[in-house]
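Visitor: Residue-level listing of the chains:
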Amino acid sequence: MASFLQIADDEKGHELELFCVPKHYENDLERVIIPHGLIKDRTERLARDIIRDMGGHHIVALCVLKGGYKFFADLLDFIQVLNQNCDKSVPLTVDFIRLKSYCNDESTNSVKVIGGDELSSLTGKNVLIVEDIVETGRTMKTLLALLEECNPKMVKVVSLLVKRTPRSCGYRPDSLRTIHHMCRHPFYLMRCGNVYI
Amino acid sequence: MASFLQIADDEKGHELELFCVPKHYENDLERVIIPHGLIKDRTERLARDIIRDMGGHHIVALCVLKGGYKFFADLLDFIQVLNQNCDKSVPLTVDFIRLKSYCNDESTNSVKVIGGDELSSLTGKNVLIVEDIVETGRTMKTLLALLEECNPKMVKVVRFYILISAKKIYFWTELEGLCCQRQLFN
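For the protein sequence lines, the chains are A and B, in the order given. If you count by the working numbering, then the first sequence holds residues 44 to 240, one letter each, in order. If you count by the working numbering, then the second sequence holds residues 45 to 230, one letter each, in order.
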């Protein structure tokens with residue numbers, strides 16, 4: 044059952060002056076909605092849940108670039124802490140892909156997977172897709188369909204943010220997600236981890 | 045001027061039991077040669093040096109996958125700390141590439157760059173290549189030549205590498221910081 048931390052539609056966040064913000068962004072931002080520390084705490088718990096649900100077999104952690112790399116690095120750090128300090132550990136390999144969506148005459152939307160090792164290397168493995176944000180869900184649905192053809196043992200998606208939007212196709216990360224955020228206006232997921240508005 | 049932390053050929057390292065090691069590796073390892081904390085400390089200083097040398101202009105940090113990603117993430121975290129806490133900060137964007145080397149009839153070795161944004165986006169920027177290991181240096185030389193065609197303002201390579209020769213009795217490791225692009229290799 045997916046569990047998530049919900050951010051209310053009217054969440055005001057915090058004043059910028061209470062936090063450390065890159066100087067060259069200061070004039071473009073108003074508030075800190077989700078502090079980086081909150082994200083790290085949630086990520087730590089996600090790592091524990093992932094080991095619990097997927098730790099029985101070799102995990103391939105698939106990072107969706109570019110946005111997902113910071114969340115990916117933090118998540119794997121926490122998984123590594125568990126691997127180094129618990130009674131049992133799970134072998135873990137990593138890979139990186141980029142998703143390019145494009146329109147063609149035959150279908151409204153298609154997704155091309157760039158980079159990464161041969162998808163055949165995922166056969167029989169527990170595949171964990173790490174994404175920074177799921178909006179409409181269409182890209183993720185297409186990626187999952189692609190991966191299913193490789194016959195992995197298990198595929199799970201962990202996403203840092205899931206947007207509540209009327210444009211959603213109904214897809215939800217099937218097991219794990221962190222923060223559920225209503226997008227009424229643009230927000231910025233900075234590389235440093237704070238989510239600003 | 046490149047500065048680096050050298051590990052002696054006869055460095056014994058530390059006993060495994062003094063550190064935390066993933067359980068599924070325990071039977072395959074003997075000693076800890078370079079603790080992770082040492083790597084983090086050196087990376088923190090590298091971040092400071094990078095800001096000092098490249099911080100005057102927009103930096104594009106180019107991560108060479110897959111091996112470079114951990115070092116890359118740690119390095120950028122330290123750069124971010126400086127960006128958020130000093131009087132001035134430098135705009136920083138990231139990108140990721142993979143290098144595939146292949147042989148063909150015409151040349152002994154060629155390198156193909158996979159992924160990443162259009163190389164033209166590097167024009168006029170300070171490009172920082174982040175690599176985990178450089179052995180012969182041929183791949184890096186080819187990459188640098190490719191990048192030069194995009195007319196970046198500056199190109200520097202920071203690498204964290206360990207070269208352990210399995211065939212020989214001794215092992216040699218070197219943790220190296222910034223080097224100027226044309227003085228890297230022999």
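No lab work stands behind these hints: they were computed from the structure. Wrong hints could be hidden among the right ones.
Straight line, CA to CA, 30 Å or less: simulated DSSO-like cross-link-like pairs of lysine-lysine [claimed, not checked]: (1) 168/A / 169/B; (2) 83/A / 156/B; (3) 156/B / 169/B.
What the simulated footprint calls covered on chain A by chain B, stretch by stretch (three residues with Cβ under 8 Å from a Cβ of chain B suffice, anywhere in the stretch; the number is not a length) [as the list claims (entries may be wrong)]: (4) 87-94; (5) 129-142.
From the three backbone atoms N, C-alpha and C, an ideal C-beta is built for every residue, glycine too.
Visitor: What hint numbers does the structure not satisfy?
Guide: The structure conflicts with hints 1, 2 and 4, although it agrees with all the remaining ones.
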